[in-house]
Amino acid sequence: MKKLKMLAALLLISAGSYAQKLPADSIFSQFYKATGGKALWDGVKSYNLKRSYTASAATPYDATITASIPEQSIHKNKTIMKRSFAYTVKGDQGWIKVPIGQRTDVKDMSQAEQQTMRQELYDNLVPFINYKDRGLIATTVGTETLNGAQVNNVELQGRGVKYNLYFDAKSGLLVRQKESKAGVEKTSDLSDYAKSTYGIMYPTKVVELSSSDRKPVTIKSTLTVNDAVNVELFKR
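All the letters of the sequence shown, read from the start, carry residue numbers 768 to 1003 under this note's numbering.
Since the hints were made in silico from the structure, they are not lab data.
Keep in mind that this is a model prediction, so the values were computed, not measured.
Among the hints, a few may not be true.
Lysine to aspartate or glutamate pairs mimicking EDC-like chemistry, simulated, CA-CA at most 16 Å apart [unchecked claim]:
#1 K812 to D959
#2 K857 to D829
#3 K972 to D829
#4 K948 to E922
Construct the complete structure from the given sequences, taking the supplied hints into account.
What follows is the structure in structure tokens.
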């Protein structure tokens, strides 16, 4: 009899835990609602992201990222010690412009580098945009406690990459993102959400930690949405 009662209690606990597990799409919907609404997010066609990167015992650098989602194009200009390196993916092509003295050398980007930048096209905003159309699968892992707050953990998986996305259960905001790719895990803590002039909210501060070097990098960001895209950036 005691064993039956214990079994019944365990089943109730299990059922309660299961009932509390929200579908991944519901968690994503809460995020969209908390950050401006799904209609605004669906209206994002292009964006410009200005970022500054700082880390202890490392040279700080800046980056400007310009992207067009319909054209599947992304350009990143990275400036370090007054030298600018340009990385561009447009359609099925990708190239890098490297300053050498008074001239610029243009090199083809590897397929792996191109794939990383195509992934960044979405990751710079949130990695679950149009995730089904991109061949990704989202599954709710469950609830956890992160920095004293309850979060919903969603696993997003695709070919060669896996994300664990942690959403604050009260605010709906994405507060941590873990990306596992090619044996390297990168953890990003997102905070200081602010509203862009377009209307969607985004984290102005991200702290990244990679398992490959274990040195935290602080990234400060400013986002603008749907400004005219400078086509000159995408000319080889």
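Now the hints, each set against the structure:
1. K812 to D959: violated (24 Å)
2. K857 to D829: Roughly 22 Å between the alpha carbons, so the hint for K857 and D829 is violated.
3. K972 to D829: holds (14 Å)
4. K948 to E922: Holds, because 14 Å separates the two Cα atoms, which is no more than 16 Å.
The structure fails to meet hints 1 and 2 from the earlier list, while all remaining hints are met.
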